[in-house]
Amino acid sequence: MTAVPVPHRVVARRPETADTVTLRFEPVGRALPDFLPGQFAMVHSFGRGEIPVSVSSVQATGGLAHTVRSVGAVSEGLCAARVGDVVGIRGPYGTSWRAEQARGRDVVIVAGGIGFAPLRPLILGVLAEPAAHGQVNVLIGARTPSDLIARAEVASWATAFTGVTVDQPEPDWRGDVGVVTQLLGRARFEPETTTAFVCGPEPMIRATARELAHRGVPREHIQVSLERNMRCATGHCGHCQLGGLLVCRAGPVVDWASAEPLLSVREL
Amino acid sequence: MPPSIALRMNHALPPEYRERLLRVGREATFAQGARLFEEGGHANRFWIVRSGTVALDMHVPGRRPPVVETLGIGDLVGWSWLYEPFVWQLGAVAVTPLQAYELDAVAVRLMCLDDPGFGRAVEHWVGRVLAHRLNAARARLVDLYGIYETKEER
Amino acid sequence: MVEEYGAASDRSRDHGSDRASEQEDDMTATAASAVLDRDGLDALVGALVAQGRTVVGPTVRDGAIVLAELTTADALPYGWGVELDAGRYRLVPREDGAAFAHSAGPQSWKSYLHPARERLWSADRTPEGQVTFTEHTAEPPSYAFLGVRPCDLRAIAIQDRVLTGGRYEDSGYGGRRRGALLIAAECTEPGATCFCVSAGGGPAADPGYDLALTEVIDDEGHRFLARAGSEEGARLLERVPHRAADPVTEATARTSVDAARDRMGRALPATDLRALLSGNPEAARWNDVAERCLTCGNCTMVCPTCFCTTTEEVTDLTGDHTERWQRWDSCFDLDFSYLHGGPVRRSARSRYRQWLTHKLATWHDQFDTSGCVGCGRCIAWCPVGIDITEEVAALEAERETETD
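Protein chains in written order, with the numbering used here: chain A, 1 to 268; chain B, 1 to 154; chain C, 1 to 404.
Since the hints were derived computationally from the structure, they do not count as laboratory data. For each residue, glycine too, the CB sits at the ideal point set by N, CA and C. Incorrect hints may have been included.
Sample of chain A residues at the chain B side, in silico, Cβ under 8 Å [what the hints assert, rightly or not]:
(1) Pro171
(2) Asp176
(3) Gly185
(4) Met204
(5) Ala207
Residues from chain C that face chain A, not an exhaustive set, calculated with beta carbons under 7 Å [to be verified]:
(6) Val131
(7) Gly166
(8) Cys308
(9) Thr310
(10) Tyr338
(11) Arg345
(12) Ser350
(13) Asp365
Isolated chain A, as found in the complex:
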């Protein structure tokens, strides 16, 4: 079957930062299959087009939601959506965070910028089962304090360590200033028995994953979320290629052992 969008109504709209909005959706009629954290949907803005957006909340954790940053015509259209508007969504596509790999291990989750959104449902899932995991650490980096998403929610999380840092502080910022990898020194984890999940701009993923590997986290236990241009999301259009991977199919979640050789080649 051709992948056709399924109508969804915006039931809640929360501006997160100056250019980022979280929209929560309910299906108008037919529902989509359950999404898993890390997967994405193709979200359609009427008359503008479709973009891939990771889920920031899944049906199981409060309803399907996507956090969208306004960077182009389609995302701008989605960020302008009001409660009651109908948009088309198709999915779920792609690989999910392999949360089961972290069971019984320490967990380190590193989120950079808008990369926080795809990690949020994973974090909620991990925190919902404290007995199934070792020490859980959440490290968040953003450009400025105004770009931090869900600050109150993050502050409420019962983790072994939560670190939030910004590149550029604002006058009333009392928190950390610096790159997010700087916080690793304060996190509580045994690298050899840790599973890490990293999402954010690609250079940030490279620096963070390398640092984690340098500290002794096994490369197969560092999961990263990749991003490439996507048109179809079904493995037919060829746009999302990264070497031998089709990111819509073998990703977006990939382990660092597989991703490292691909991300280190310029313009691959």
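Following the hints, put chains B and C in place on chain A, whose structure we already have.
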């Protein structure tokens, strides 16, 4: 130094040199808001954070001092003590109540001269900290979280 | 007809030994080889048209052999051959009047099976804000492809794998493919840019055709050895004037095709292409070819396996009706890899490297086969004459000097 801090030092000094270093150190406490040093001052001490947070700042007339970077547990505070002219380049303030190992820079520099092996290890350690901080600063300069607008004509 | 095409629809998904044994069963069940003369071929076309099929085959137009709809076999390019080289394609007249003695035309069958523009779905919005999405399902045309070269037959199988062999099916392609009858024309006249043998194929047709023709022209006359490859092919053959195949025609056909194996114009080096290309992203040769490559994308347009597409939103003036269209795209296009404000592959070097590495190496990682069938079109139709067999040989030579 308790293993918990040693392990968290972002760039470790080999254990035998670490112990020797700390023998010329003492435990210091700073209240929240206390300044550790000012830009332009003599860099004759340095610290390794045991608990709390230090902010490195710059004084800019008309602006609240912008924080350049914050440092936490296990981090080395200050490197200007190792290189001429031994003058602080930034200011430092305790953002929270702070406990740190405080070390005498003059004593440590003399130990480096006395024992070239120790001196090399200390310089290597500080060099690595500097390299890491430089890379971090460069990453922030690139403004990865910002929106990149290509300005080229198509 | 669709029900009877059970074998064909399986063919569109299966590859390798399963399909071959299915075809062997089909072949033992059908008639032995037959011979058609030119009138018989015309009758074949007539029979297909009468069945309601759109017959597509090679024709002469604008100085090239171009695929077009045929109503009679007279439109075939009898007496036309081609002169090929890197960046060169010329029609040349042939004295023998052959219809299928040409190769590397500027199109391939993907122009019909995977068309350049296709509507996927449309959406309508009411004043109250209700939105409905409607899939576009047109009745697929019923094609008969006359004169499918063995390389193109393999190319169709490769596109089958890409577009219908994964988790999601491109249903437009699937419908057109299942309804298509394939009449192969084996190769007796390879071109100077051909290298199907070293690309894992050959001038003989692999199983997957409904009917295979081998053109034989000698003192006995101008005729075609015809072999059925499916029940439908056999039934079709029964319906047109033919005679049983004689040993001379069969032998001549077989030797001509065998001889063609040794007359390939070019060859890919016999090396592990996956390791060579995926393993050398920083080879100096990429800089070298980048200085020549115009990133015009001709190669991707003429290549029978290139499948990349993009999607576009097309609205009307009311703003309440929108359509999603799919059209061909090329990895040479700057926008192809657009991400966060600019292309990932900005340089010509990176885009050429992407195309060639995908075609010969990473296609294996993605789809378990090579992407290249050795048809040579990219070599002939490159305006600056870049020859991928030469590029691969140069990459290998560079690697050899490095390991010394």
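Name the hints, by number, that the structure is in violation of. none
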